[in-house]
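Undergrad: Sequence:
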Amino acid sequence: LTLRLVQTAAGLDAGLRLWCVSRGAVSVGRSDRLASAAQAQVWGLGRVAALEHPQIWGGLVDLPETLDTRAVARLAGVLSTGSGEDEAAVRGSGVFGRRLVRAASMDGGVWRPTGTVLITGGTGALGAHVARWAVREGAEHVVLTSRRGLAAEGAAALRTELEELGAEVSVAACDAADRDALVEVIAGIPERFPLRGVVHAAGVLDDGVLDGLTVDQLARVLGAKVEGARLLHELTADLELDAFVLFSSFAGVVGGAGQGAYAAANAYLDALAVARRGAGLAGTAVAWGPWAESGMAASGRAGERVRGGAVSAMAPALAVDALSWAVGQEEAALVVADVDWERLAPSLAAARGGTLVSDIPDAHKYLTTGDDGVGAGVATFAGKLAGLSADERNAAVLELVRGHAASVLGHASADSIEPGRAFRDLGFDSLTAVELRNRLDLATGLRLPATLVFDYPTATELADYLDAEAFGTAQTALDAIVPSAVAVDHDPIAIVAMSCHFPGDVHTPEDLWRLVADGGDAISEFPADRGWDLDGLYDPDPARPGTSYAREGGFLYGAPEFDARFFGISPREALAMDPQQRLLLETSWEAFERAGIAPESLRGARAGVFVGTNGQDYAGLWVDAQGDLEGHLGTGSAASVVSG
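One point on numbering: in the working numbering, the residue at position 254 of the sequence shown is 372, and numbering is uninterrupted.
Bear in mind the hints are in silico, worked out from the structure with no lab data behind them.
Cβ coordinates follow ideal geometry from the N, Cα and C atoms, glycine included.
Just so you know, not all the hints are guaranteed correct.
Simulated DEER-style distance windows between Cβ atoms [claimed, not checked]:
no. : residue 1 : residue 2 : range
1   : Thr184    : Arg662    : 51 to 61 Å
2   : Ala682    : Ala713    : 20 to 30 Å
3   : Thr278    : Asp458    : 38 to 48 Å
4   : Trp650    : Val727    : 29 to 39 Å
With the hints as extra help, turn the sequences into a complete structure.
TA: In structure tokens, the structure reads:
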């Protein structure tokens, strides 16, 4: 519901501010019980909405369990005063704003694993690092779970490695969100090595901006992290654990463009750890920055955005040492990340104000001061260019746009950004588009829409728009809209060209005509290029799950034969693309060729693109995908990007 509300509000031009209210989703101190970790997911989603849609975002407010007139009055004050607090908790003793503060020194206790340590996501990169560390530190038995168990890449070798270090090792194929499977795993732990530690490192990353985020994507991400953590909490609540560790993410703490589902899931983990501590149970959530060459945050497009920004990847050895320290601290939720505050603090301040990090000395000195941060930013931007002629100023703005676009894409120089080439052709997607918007927000002081890169699709057009907004020198795109004429005649439709691909070896409209005219048969044997086990796939029993009682069907032969280089797509991104997207690209290009139209000639033309798709289940096949695909799965499986 919150996702739909944000999506709807972002599409309205009503000048509204959206505030999301929870009850008992945060704790302001040891005496303040965190009653609903589930509602904390709204806070994670909201932090991303603040970055992607600052023009409509108001903030997050948590109410006490008992709502009296005094609390209502304080809530009204938060919503109406413009205090700069976009994350607040209303309590009987006052209104509390959310702050990050420096953790205590590392002189406290540390966690020394003993007995059995259960690690979900244990065959993944992060889980493997934790398992090695746990065994070296004293764990006699480790249980590693993942969806594929020993069939996961590297799982057998990891088990051998850990056994050579002296531990007993169990590897189980277990979905962390499957209660029965988890019950079986925990029940199988030997009595001589009682369960003393739990590390929940399982997770799924499915990046995508909120405008295109689907309920299915949200459920897939929440299932692995949220449901898995909830089940582990319930099933171990009566056990004497030394550690109950939840692998959270920095994205859940500050938000991350394109990571709404991931941030929501991690905000829940942080809240669950606080709730467990409040109930007298072990509980620690560590919001990690990226680990070098490990895990979801350090791989794919998401990793490129993080490494190219303000948070650097940490060496795994340093990270696991920090894990030992984190479990021994009084705080239940901690951040362990290598942050460049000079870059992060101004970026946060531009998008949502700098109050979150204002109590960290290293960050505070980089925060912009002044009563009107937006106005001051615009004035500063305009002041730098005030002495230039109109042409010189426009050229300077164009270089600014090209420079930031190059940085977002990881290029060394602005020369790689052709001024007249569409951002989409340069490699921008919905996630990098938001990042470029955020960078230009900060650089110019302007409040820019999330659709900026799509409204002004080349560096030249975008520079003209920024020039106009800052100096009032040109007509905006909205001013230039011409009312469309209403058709009064039923004019005939001219079909200039067609292209198609159908079963029965049909690759052109002529092939289709011949198939129909000749009464041909489009049903054929299962193709051998899909990676299917054809021998194991067939079973004459229609009721047997996971099999087919037919040996034939209607198939598009040659579907995997996609020329990614022709379309300027990397092999890695092509593999993450739904085959529907690949086939649509090929078929659309063929239609242009048959019409004798150069595709680039249509850029900026008044044309409509209408696409019908059927199902987006391809991403589900990559739940256990290698990290180098994860950054592309969001756009590769989203129907919302197909028409682009």
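Undergrad: What hints, given by number in increasing order, does this structure fail?
TA: Failing hints: none at all.
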